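Protein sequences, first through last, are from chains A and B.
My numbering applies: residue 1 is where the first sequence begins, and numbers increase by one.
My numbering applies: residue 1 is where the second sequence begins, and numbers increase by one.
Incorrect hints may have been included.
To be verified - Listed below are the simulated DSS-like cross-link pairs for lysine-lysine, each with C-alpha atoms no more than 27 Å apart in a straight line:
#1 B/K70 with A/K35
#2 A/K77 with B/K109
#3 A/K70 with B/K77
What the hints assert, rightly or not - Only some residues are given here: those of chain A computed to face chain B with a beta carbon under 10 Å:
#4 K30
#5 L33
#6 A45
#7 D48
#8 A49
#9 Y86
#10 N102
#11 V170
Since the hints were derived computationally from the structure, they do not count as laboratory data.
Keep in mind it's a predicted model, so treat the numbers as computed, not measured.
Idealized CB from N, CA, C, for every residue including glycine.
Protein chains: 2
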Amino acid sequence: MTTQELVAQIHKKKSFLCIGLDVDLNKIPKHILEKEDPIFEFNKAIIDATHHLAVAYKPNIAFYEAYGIKGWESLEKTITYLNENYPEVFTIADAKRGDIGNTSTMYAKAFFEDLEFDSITIAPYMGKDSVEPFLAFENKHTILLALTSNQGAFDFQTKDVEGKELYKQVLEVSKSYENSENLMYVVGATKAEYLSDIRKIIPESFLLVPGVGAQGGNLQEVCKHGLNNQVGLLVNSSRGIIYASDGMDYDKAAANKASELQKQMQEILNTAK
Amino acid sequence: MTTQELVAQIHKKKSFLCIGLDVDLNKIPKHILEKEDPIFEFNKAIIDATHHLAVAYKPNIAFYEAYGIKGWESLEKTITYLNENYPEVFTIADAKRGDIGNTSTMYAKAFFEDLEFDSITIAPYMGKDSVEPFLAFENKHTILLALTSNQGAFDFQTKDVEGKELYKQVLEVSKSYENSENLMYVVGATKAEYLSDIRKIIPESFLLVPGVGAQGGNLQEVCKHGLNNQVGLLVNSSRGIIYASDGMDYDKAAANKASELQKQMQEILNTAK
């Protein structure tokens, strides 16, 4: 998917909501556990109920790998369902991969070609030759971890590196990578006050912003500092939406929660015009 | 596996060789492609031919994920084969994972409990709460990326962070993590000259050293600076061993290459006594 198509979808749906499909069998409604593939059934219902409110879906790959081959099957069915039924939706493999060149190429093929995700999250620690293999794929997007939403972000990411915090070095240095126009960045909603500085370095790039809701991030603050002239934000909520209810009505409850966020986003988009 | 068991195995086999099982269907002998599960057949033959020369095996997870469900099946069969037939061997899931707490716990369960790997490689960028969930598993080992063997390592890892290179900060800071005795570290063989400094910070820890062979690292240099009083090194070779021949004799050729390295290691261990 091109960035232009993503932006068009955002304006059409008046939403920049990304829904995280972090499916934990201990947390989904009990009645689904009887189904042959509970994870896929759960995802399918959530997607069907929310696709008009969200522009992106982000399966967290850990939650699938944790169930081995069965989990991998659920992931394949989920991404195939999305691509076949809602091809306008932007898909993110939240994998946080990153390895030396030939290995990164293997990961890129797995997620971009075989599973046909539009994008993947990548850790920057190993540098240029671990990131560029992902950037080589046309109309695919590499979402580099910059400033994450967790407490551990302060261990290294905010440390001063030659006069500038490490996450700013990541933003600066990655701009010089080949095909850097295919880069997006992860910036946690819990660190919204950093977004003004971040926008000075990467005014045009899309940001994937996790941490709104369960992790305590604030949507208005994120938008105040993070919006750009093509919106430039994908704000993710996972647990706050998909586990809104553990009853028979879980899909409707998820849609209600998604709708609340979408309405706030619509208002923000209208005001920003 | 405990560290003591690993050290005992090293002394018994007079080897600290780790063999990387990075199986690419384009590189393995053509006659194996006819088998039902070529990746597993290839691994099984390599393992059977080399298990007396190596103390550890390291499947690179990307190479399995690249083949989707089939690849995941090959991985499961490989680790089960290792655990059932060669339980003395140390197994490493070269996954380079790292995510926020609850997600890291999912990855840890997947690799430590379901697949029963002894260890996993982890990226440090997200800090403490992304690493500690792995460290909580008893007699399991978390191998943190410190200084990697690729060129991109110079993008961030060697940058000065508050008076010290980032990789040294990673070593220092991670020592304060809970259950840090379960930490090992990745240090590329291509940067052997850095090992003396590294040993000053983490004299006791085991180091996983990739990059000997195909990537140009030198075994003698690595040992000169990296050996400690319980050996403390696992030196990995992947392509140099497993692709030694693409003929019918590939397993024997791999054993020959592994034997060459084991003999050098035996000499080094004898001299170091």
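Status of the A/D48 interface restraint (C-beta, 10 Å, chain B): Violated, about 24 Å.
Tell me if A/Y86 is really an interface residue toward chain B, meaning its C-beta lies closer than 10 Å to one of theirs. violated, 22 Å
Please verify whether A/K70 and B/K77 have alpha carbons no more than 27 Å apart. The hint holds at about 15 Å.
Distance restraint between A/K77 and B/K109, which requires alpha-carbon spacing of 27 Å or less: With a Cα-Cα distance of about 23 Å, the restraint between A/K77 and B/K109 holds, given a limit of 27 Å.
Hold the hint about A/A49 up to the distance rule: shortest CB distance to chain B must be less than 10 Å. For A/A49, the interface hint is violated, since the closest Cβ of chain B sits about 24 Å away, which is over 10 Å.
Hint check, A/N102 versus chain B [nearest Cβ-Cβ separation less than 10 Å]: holds, 8 Å
Given a cut of 10 Å on the nearest C-beta pair, is the interface hint for A/A45 held or broken against chain B? Nearest chain B Cβ about 22 Å off; hint violated.
Holds or violated: B/K70 and A/K35, Cα atoms, limit 27 Å. Within the cut-off at roughly 23 Å; holds.
Can A/K30 be said to touch chain B, with a Cβ gap under 10 Å? violated, 20 Å
Closer than 10 Å between Cβ atoms is the bar; does A/V170 clear it against chain B? Give me holds or violated. Hint on A/V170: holds, closest Cβ of chain B at ~7 Å, below 10 Å.
Under the criterion of a CB-CB separation shorter than 10 Å, is A/L33 in contact with chain B as hinted? violated, 18 Å
In summary, the numbered hints that this structure violates are 4, 5, 6, 7, 8 and 9.
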